[in-house]
Amino acid sequence: MSKNLQPSGDDAGFDAPLYVPIKRRSFFMYAGATAGATALILSGCGDDEVEPGNPNTVNVGSGSVGVLNYAYALEQLEAGFYTALRTGTYYTGLAAGSAEKQILDDLYYHEVIHREFFKAALTRDAATSMIKSNLEPDFSGIDFNVRLSAAGAARMGVLNAAKAFEDLGVAAYNGAGRFLATDNAGLNYLVAAGKIVSVEARHAALIRDLISEGSFVDSDVVRIATDGLEISKTPAEVAAVANTFLKEGSKLNVSGLV
Amino acid sequence: MNFFQILSELEKSDPEVFERFDSRRRVFKHLTGFGKKITAAALPLAMGSLFNKAYGQTTSAPSVNDVLNFALKLEYLEAYFYNLGLQGDGTIDNNTTTAAQTALRAQLSATNLSSLLKIRTDENNHVKFLRTALGTNAIPAPAVSQFDFTGGKGSGTGPFAGVFSNAALFLAVAQSLEDTGVRAYKGGAPYLASNKDVLTAALNIHSVEARHASRLRTMRRGGPMNNAASATAAGSNPSTSPKSWITGDDNGGASPAQTAPIYGAGSAPAYTPAGITFPSEANVTQGAVGTTPGVNLQTALASLNFPATAFSEAFDEPLDVPTVSTIARTFTITSSTLF
Chain A
1 MSKNLQPSGD DAGFDAPLYV PIKRRSFFMY AGATAGATAL ILSGCGDDEV
51 EPGNPNTVNV GSGSVGVLNY AYALEQLEAG FYTALRTGTY YTGLAAGSAE
101 KQILDDLYYH EVIHREFFKA ALTRDAATSM IKSNLEPDFS GIDFNVRLSA
151 AGAARMGVLN AAKAFEDLGV AAYNGAGRFL ATDNAGLNYL VAAGKIVSVE
201 ARHAALIRDL ISEGSFVDSD VVRIATDGLE ISKTPAEVAA VANTFLKEGS
251 KLNVSGLV
Chain B
1 MNFFQILSEL EKSDPEVFER FDSRRRVFKH LTGFGKKITA AALPLAMGSL
51 FNKAYGQTTS APSVNDVLNF ALKLEYLEAY FYNLGLQGDG TIDNNTTTAA
101 QTALRAQLSA TNLSSLLKIR TDENNHVKFL RTALGTNAIP APAVSQFDFT
151 GGKGSGTGPF AGVFSNAALF LAVAQSLEDT GVRAYKGGAP YLASNKDVLT
201 AALNIHSVEA RHASRLRTMR RGGPMNNAAS ATAAGSNPST SPKSWITGDD
251 NGGASPAQTA PIYGAGSAPA YTPAGITFPS EANVTQGAVG TTPGVNLQTA
301 LASLNFPATA FSEAFDEPLD VPTVSTIART FTITSSTLF
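Quick mapping for you: the protein sequence lines, in order, are chains A and B.
Here the first sequence is numbered in the working numbering, starting from 1 and rising by one per residue.
Here the second sequence is numbered in the working numbering, starting from 1 and rising by one per residue.
Where hints are given, some of them may not hold.
[What the hints assert, rightly or not] Stretches of chain A that chain B covers, calculated by requiring three or more beta carbons in the stretch to come under 8 Å of a beta carbon on chain B: (1) 104-110; (2) 119-132; (3) 179-192; (4) 209-215.
Derived from the structure by calculation, the hints contain no laboratory data.
In this text, a Cβ means the ideal position worked out from N, Cα and C, and glycines have one as well.
The following block holds chain B by itself, in its conformation from the complex (with noise of 0.2 Å):
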């Protein structure tokens, strides 16, 4: 194989190929170092990824494999992080239990240590349908040593530490994870659209992950040790005693200084179909089609004198794959690339 006659050959037929990876500069810096550090066997699996970042993430819309995979991540995520809080090593349908899980449960009442263990369950289940739909194309299962769920990059002692052994951390970290995931899987529906079927196994995966954060902003709101964490009404801060959907950007989420970005707006990349955007939680226009702009719903409906933060709170919004992931780093150890 001849690399750079491939990437010359490319050229002729794309001029804009250097474009397409970051920068010529660093295209460049790339292949030097594949000498040094890439071995003649590993060549393709490299040049796989360097084409799959110019064209598969950058420049043309992700396939269904592709957004498949991606929630794949996101619930490996999702489960790992239930499993060490609660309940076995991080694996998957790993049902060990240690003492500092024990630790955790003893402070959440019945009722919302039952939730977070249905929860667990379903994130789990989401995992392994995943994997099925993919075949043989799903991702290999990440380690979990890949996480650090502190938000430490893999020290341990990030902003959320002791996010396992403090109920109410755990509750935070749980929501923030879940109204994230909430967003991707919204964003990620337009390119599953051409297979109903897969379209449709997705929406019943983000509805049950929306019904997820809801529980877990209802289980915030009441506290962990509540038994009717229902029957709280939710306090004027929605970053500390949320309602059960998303208020405004939600003044930044559980945890403002790391958790904002989860309710703030996404960056739509260039594949986007016209008129699909990432506005922040906040947003109150919607309805727009490709170039026909959307409505401001408050100003339209202003007559009906409704409470501003009911428009906001009417429609969740979409994020972005590169935003997700981005988000998503903050629980995975500084080398790990699986986002």
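Pulled out of the complex, with its shape left as it was, chain A reads as follows (with noise of 0.2 Å):
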């Protein structure tokens, strides 16, 4: 992690400029753009950290910006299982054609748009309050060699990931709808991530089914019982469970998103 080129500030100072987009030109010279953005960011990584005893962690920030942030850090996640699945052999092994190679490949697409499409939208919002844009994953508690994990076994099967990343992604975008400003580009932001995380419940639901058919909405994810909402999850429920896959240095702080 290197050190943290925002400048420092009391929360209430560092709040302030985040809830206006910064830059509102187009999204100029995106790739250009982008790759001169990886090198400004790291906003919240060190000095001004809200957790003392924890100086390494990725700090998203508060209101629309930290959503983007949030959601930025998420589909990195994402993206990265999808890109790394690729190379174990349970992926390489699914016949062509078959429905599994199908499915994994188009989530593999769908996630790294979604990555991409949130650093643009903050290399041209809010540049200088970016979440770095190469977060270290850590993938070691899964198996990309298995479809499933077996009774007992120690790591993660492909799909039994799968369905932890997608329900997880649904839960975090759920709950920090209310985070966003209710500016005009909040509102923006706001149908921008509904329009993403409606995808991401697709998935969810697919993979669920081909893990075990028609678990579509189970107790677990939808109050199936009660009122048939999802559940669901606080950005710092949904932390706990993510930073389980990131390494240090890239573990979220998501303490703005209250």
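Put the two chains together into one complex; each comes in its own frame, and the hints tell you how they fit.
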């Protein structure tokens, strides 16, 4: 983890500029700009740390930009997972044209596109507050060579992990909508997040069905016995899970999203 | 109450009041009808609906209650559909079973039937949840007789005739309703942002509708009697063998002549926040904020060499209330004013 390049300051002073998109220019020179921004980012990773005992976390910030950073972090994690699985023997052994090959290919495409979308949006609207684009995943708990973990296995299989990531993503987006500002930018971000979360939910349902046909709304994710609502998670609850898949120096601090 | 006096006063303070009702001519056509058809006692109600049309739906953003009541109508549409097809007399939580329902169930594999019953449970629960959230502001429960799920506007012989006796057709209509619901909740979200708890609840329904839509598309891909539908790869035509997500415009959906608008573009009402648009599901330009345009991701990310379809699949699109209402009216009888 590099040094934090964000000017330090107290929380109140830190929050204010984050509510205002800093740059409203078009997606200027998309690829070049994001490459440049990669060198500039690293907001909240250090000196203005909210958790004093944990100086190497990645602080997503607060308000609309905090939510965008939070989503960007989760999409980096998901995209990293679907990228990594493509070299595992479970995926490489799938027959061309098989349902699972088709599905895992699509999920890889979709999640990389989501990641790049947030990278572009943050680069345009909040480049100086953007988290780093190279969060380092820790997939040591996943066995990319097996479809499903055997009972009692120490590591998750590919589909176990896919289910965990997709369900977590849905719960995270649903729980984070409330932290977006209600200004025009915030409303636009809300719709953008909505466009993505329903695709995550479609993914989650299908991965669950691959594991156990018809488990797309089981009671661990939907309150099927009462009101039929998804069980959303707070950023703190999500980070506790996500951080088990992130290396030291890339673990998320979401204390600004409350 | 002097109705014309009120209109006159309104015109002084708001010179465009008559333009807010579709047209001046139509207003007076309405008003001349009042004397004959509407008693004095009913006038306040009629006026209320007239002004609601003018101010509530055309020029100003819907309130939180407006959005929730619209969601409630859509949940009734869905719940009654599953109830009539699978179990009950249509109304919420009625669990009688008819011979026709038993016959439809027999055309479904065990996992498919179980899935549909879960969806039915969710939709009934969504109705109850929204009624509780709205309290006394909730609309009255619509009569089951207001709906014609054959798309026949009351004839019972519309393009989906046999929807409750043919499992494949039942799944096709179900997919259409769920994909519509996903777009509708997404379109309504900005108007709930002022109430964080309501917003979160709506998001938590939105994603469940998306799970339903995914499952229904999976079941259509595998076929009604398939007990392991998710193991079936999607075919080349998303209309007949859909992926669990929406590819392009879905080739018009399950029954293109009727369902194409479900995947097509909407039309932004004047009150829509700047930057929010309602493109078709084939849209690949994302990230507009206010007057700042979005970016064509398919172009910007061309170096990834991903299939073109991935860029539309990765994002679902919202729909506006008027467009969703038009779609929903496919399934109501001609005399219904629900949507």
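Hints, verified against the model:
| no. | hint | result |
| --- | --- | --- |
| 1 | 104-110 | holds (count 3) |
| 2 | 119-132 | holds (count 4) |
| 3 | 179-192 | holds (count 11) |
| 4 | 209-215 | holds (count 4) |
Consistency note: the structure conflicts with none of the earlier hints.
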